[in-house]
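Letter by letter, the chains look like this.
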Amino acid sequence: MTQPLLALRNVSKIFRLANREVRAVENVTFDVREGECLAGVGESGSGKSTIANMILGISPPTLGEIVFRGQPLPAKRNLSHRRAIQLVQQNPLSALNPKRSVGASLRLALDVHSIGERSHRDQRVEQLLEEVGLSADLRRRSPAALSGGQRQRVAIARALACQSELVVLDEPTSALDVLVQARVLRLLDELRRKRGLTYIFITHDLSVVRNIAGRVAVFEKGRLVEIGETERLFPNPDHPYTRRLIGAVPVVTADEAALRDRLMEEQDAGA
Amino acid sequence: MRRTFYILLRNPLSLLGLVLIAAVVLSAILADFVTPFPSHAGAVVDFAHFNQPPGWPYIMGTDLVGRDLFTRIIYAYRISLILGVVVLAIAVPIGVTIGLFAGYLGGWVEYLLMRLTDVFLSIPPLVLAMSMMGVLEPTLTNGMIAVTAMWWPWYTRLVYNLTRSEKEEGYVLAAEVIGASKLHVIFREILPNCVPSILTKMTLDLGFVILIASSLSFLGLGVQPPTPDLGSMVADGAKYLPDSWWLTVFPGLAILVAVFGFNLVGDALREILGADQ
Amino acid sequence: MSETTLRIRDLRLGFMGYTGLVEVLHGISLHIRPGERVALVGESGSGKSVTARIVLGLLQSLRSAQISGLVEFEGRDLERLPDHERHALRGTRMSMIFQDPTSSLNPVYPIGTQFQEVLRRGAPGISADEARSLAATALRGVAIPEPERVLESYPFQLSGGMNQRVMIAMALANEPSLLIADEPGTALDVTVQAQTLRLMRELVEKHRTAVLFISHNLGVVREFADRVYVIYKGRIVEQGSASALFAEPRHPYTRALMSAVPRITGGGIPEIEDASADYFAPIEVHEGFAEPAA
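Chains as they are written, first to last, in this note's numbering: chain A, 20 to 290; chain B, 210 to 486; chain C, 444 to 737.
Same shape as in the complex, but just chain A (with noise of 0.2 Å):
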C-alpha cells in the first residue's frame, strides 16, 4: 500500500490553563492519501479547527506526531514544509492584506519561496489569476474593491502559487452567498483533479461535503468519531452524533427531507 501524504499518529492538543485542562484533541488518528478531498466536520468545540492549525504548523501537537511524506513534522517549520502545506481561510477580508494590492500578496509567496525568475514573477501573478477565473488586472487592486467571491478565487490562488501539495481549506465558502459558493466550489474540484492537489476540506456544512469530498472525518468534542467513504457514509451513517449531523442540515428537496427523516427515525430506534 503506498505511504499517505500525511498522517497523525495519536494526536492530542492539551491547553493548560489556570485552574483546569483542556483537551481540544484527543488521541486522533488518520491518514490523509494523495490525490483526495478529505473532509473534517465537526461542530464548535469539535477541534478541527485546532487539528487544522497542528497541521499547518501553527501550534504543536502535545502529544503525538505529525508525519508528511514519511518524515515528522517538526513544531518549527522551514521553508520547504511551509511550501508544501497551503491554507486557505474562511474569511477572505481578512485574510488579504488592505493595505496591499491583490497582486503584492500573490507575489509574496513567488518571492519567500524564491519560484521563477524575479522579473518573471509579475506574470506569474497574472497567470494565477486567470488560473482561478479572474482578470490580470486585478493584479493592482486592493482586496476591498473586490467582491467576496474574487477574494476568495486571490485567496486561492495565493495558496497555489507556491505549487504546494496538501490544501488546507478552512470553511473556504461559508462565507460566501449560495451562487458564489457553488462557483468557488467547482474551482476547487477542477483545480485539485488538474493539479493532483490533496485537499483537507473542514466545514460545518453536510451538504458540501457530500458533493466535495471523496472521505469524511468526523470530529466530536476533540475526537475522531467517524470516518469513512462519503458515498458509504451518507446513506447509512454508523455513528450517532454523524446521525445526527446529518439529520440538522437544512433541505432543499423533498429527497433530502426523505433522507433526514429517515436517519431521525433510526437515531430514535437506536436511542
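Honestly, I wouldn't trust all of these hints.
These stretches of chain C come out as covered by chain A in the derived footprint (C-beta under 8 Å, 3 or more residues) [claimed, not checked]:
(1) 511 to 522
(2) 658 to 670
(3) 691 to 701
(4) 709 to 720
Restricting the straight-line Cα-Cα distance to at most 25 Å, the calculated cross-link-like pairs of lysine-lysine (BS3-like) are [as the list claims (entries may be wrong)]:
(5) B:Lys448 / A:Lys95
(6) A:Lys118 / B:Lys448
(7) B:Lys391 / B:Lys376
(8) B:Lys376 / A:Lys118
(9) B:Lys391 / A:Lys95
Counterexamples of contact, computed for chain C against chain A with all Cβ distances above 12 Å [claimed, not checked]:
(10) Glu446
(11) His469
(12) Pro477
(13) Tyr552
(14) Gln559
(15) Glu560
(16) Ala579
(17) Phe599
(18) Glu618
(19) Ser620
(20) Pro705
No lab work stands behind these hints, which were simulated from the structure alone.
By construction, the Cβ of each residue, glycine as well, lies at the ideal position given by its N, Cα and C atoms.
Since the structure of chain A is provided, determine the placement of chains B and C on it from the hints.
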C-alpha cells in the same frame, strides 16, 4: 487619500484647521518675504521705536528693544515647526519600531521593551524635559533632544496596541503560513496598517510639540536670545502686563492659532481614518 | 386594511453618497397576516436586511437615507407616526432578533437586568420581583432548565445557543404581534440551529405572532416559512407559498438559487451558469399569492 482630503475640505471645522495650518506653515517658509523687518529676527536694536503699541508699520507693536513683534512671531513659527518636524522625525521611527517588535514578538522582548516604555511614560513629560535641560545647556538642539526623549513612548504604546490586534488578523496568519520572515510580517504587513493612526497622531502632535517647546522656553529652558521663540516672548512680556499687553497677547495667540489648527485637522483625520488613539 | 399585521407597498430606499444617489430598494411590496410566517430570501446586498431595519424605524435616523413608500403596521402608517410613538412600538408590539446572539446582548449587564428592561417597556410599573418571575417563566418556555442561574449570568458566560434562546424569550416577552428575525441561528452550530428553529416555530404558533424571517439559507426557509418572497438587488422577483415555491420555482433567479444548494443526497457540485441578465426578469407571482389590493 484623495477622498480624505475631500472630506477634510467639506467639514467647516477641519477646513478652518487646514487654513490655519497653511497660514502658519507658509508664513514660516516664506518668512523672508512676508515679514516687514526680517532683520529683526536677530540681534537688532532700535531704541527709537521700542515698546510701541500695534500700529503702522509695526502691526503687532514692537518689543523692548524696538524689534517688530509680527516679524519675530513669524520667525518663531519657523523655529517651532523645525523643532516639531525634527522631533517627530526622530521620535516616531524609534517609538514605532519598538512598539512593532514588542507587539509582534511577545515573550521577554515584549516584557523588556514595554517596561522600558512604561518607565518613560510614568515621568511627567515636562518634568522629564526640564530635568534634561537642567543638565544640558539650554540650546535649541538640546531642547529638541529633550522633547524627543519624552515623545517616543507615546508612539510605542499606540503601535503596540495596534500590532497586538492586527497580529490576529487573517493576512498575518497567511503570511506566516506562506513562510514569510518575521521582519517581513512586521514591516511589510503590519506596519502599513498602522500608518493611518500614526499619521493622525503626528498631525495632532505637531501642535503639541510647539506647545511643549513654548513651555520649556517660558521656563527659560529653551532657546536663548536673540533667537525668537513664542514661549520666551510670552514669558518676557508677562512682566509688562497690562500696559504693554501686545508683548504677551500676540505671541500667546500665535501659539493658540498653531495648536488649534493642528488639533482641528488631527481630530478630523482621526474621525475619517477611524484611528485608535 | 387592519387585517394585515404588516403591509409594505412600493418601498424605495436610496443612499446619498459622494458619487450621487445609490438606490438599494426599487419598490418592494409585501404583506404579513396575523400569525403568518413569511420569509424574505436573498443573498447579501439584496436589500433584505435594510427592509427589516426600515420597518423597525432604525434606518430613518441616517441623514443620507432617502425612503419613500408605505409601511403600515396594524393599520397605522409608520412614516406618519411621531418618533416617540414609533419608538414605543419597538420591543412591545414589534421586536427583532439578530444573527449573532452573544454580541447582540449587552455584555456588561446580567441577563436578568436586560430582561427586566424589556419587560418594563411593556409594563412600565412592573416590580423587580414580578419581572424576575416573568423572566424565569419566559426562559422556561424556551427550554432553559435553570432560569435562575441564567438570569444571574452575563452573556459571555453562556453558550451561543443559550443566548439565542434568551434573545427569543426577550423578543416574545411582551407578546408582540410582529417578530422580525434577521438570519437567526446563522452563527450557531447546525444542531443547535435546528433546535432553535424548532423552538421558534412552536413559540410563534403558540403566541400567534407574525414573523418576518430574513435569510439567505433556503433550507432553513423551507422548514420555517409559510410564504416566501425572493429578493434580488432590491426587487422582489418571486412570491408564493413555501411549498409551491420549492416544488416549482419559476423565476430564473429563484431557480438558480435552488440549484446552487448542494444536496445531501449527492448529485455533484451544482453547475451555475452566469445568467445574471436573466435575473432581472419580471416578477413571478404564484397563483393566489399576489399582494392584496389597496
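The hints, checked one at a time:
1. 511 to 522: It is violated: at least three residues are needed, and the segment 511 to 522 of chain C offers just 0 whose Cβ sits closer than 8 Å to chain A.
2. 658 to 670: Contact hint for the segment 658 to 670 of chain C vs chain A: holds, 7 residues under 8 Å.
3. 691 to 701: As far as the segment 691 to 701 of chain C goes, the hint holds, because 3 residues have Cβ atoms under 8 Å from chain A.
4. 709 to 720: holds (count 7)
5. B:Lys448 / A:Lys95: 69 Å, violated
6. A:Lys118 / B:Lys448: It is violated: about 54 Å lies between the C-alpha atoms, which goes past 25 Å.
7. B:Lys391 / B:Lys376: 12 Å, holds
8. B:Lys376 / A:Lys118: 14 Å, holds
9. B:Lys391 / A:Lys95: With a Cα-Cα distance of about 13 Å, the restraint between Lys391 (chain B) and Lys95 (chain A) holds, given a limit of 25 Å.
10. Glu446: About 31 Å separates Glu446 (chain C) from the closest Cβ of chain A, which puts it past 12 Å; holds.
11. His469: Non-interface label on His469 (chain C) holds, nearest chain A Cβ at 19 Å vs cutoff 12 Å.
12. Pro477: It holds; Pro477 (chain C) is separated from chain A by about 26 Å at its closest Cβ, greater than 12 Å.
13. Tyr552: At roughly 25 Å from the nearest Cβ of chain A, Tyr552 (chain C) sits farther out than 12 Å, so the non-interface label holds.
14. Gln559: 30 Å, holds
15. Glu560: The assertion about Glu560 (chain C) holds, with a minimum of 29 Å to chain A.
16. Ala579: It holds; Ala579 (chain C) is separated from chain A by about 28 Å at its closest Cβ, greater than 12 Å.
17. Phe599: 15 Å, holds
18. Glu618: 28 Å, holds
19. Ser620: 27 Å, holds
20. Pro705: Its Cβ does come within 12 Å of chain A, the nearest being 4 Å, so this is violated.
Figure legend: structure checked against the earlier numbered hints; hints not met, in rising order: 1, 5, 6 and 20.
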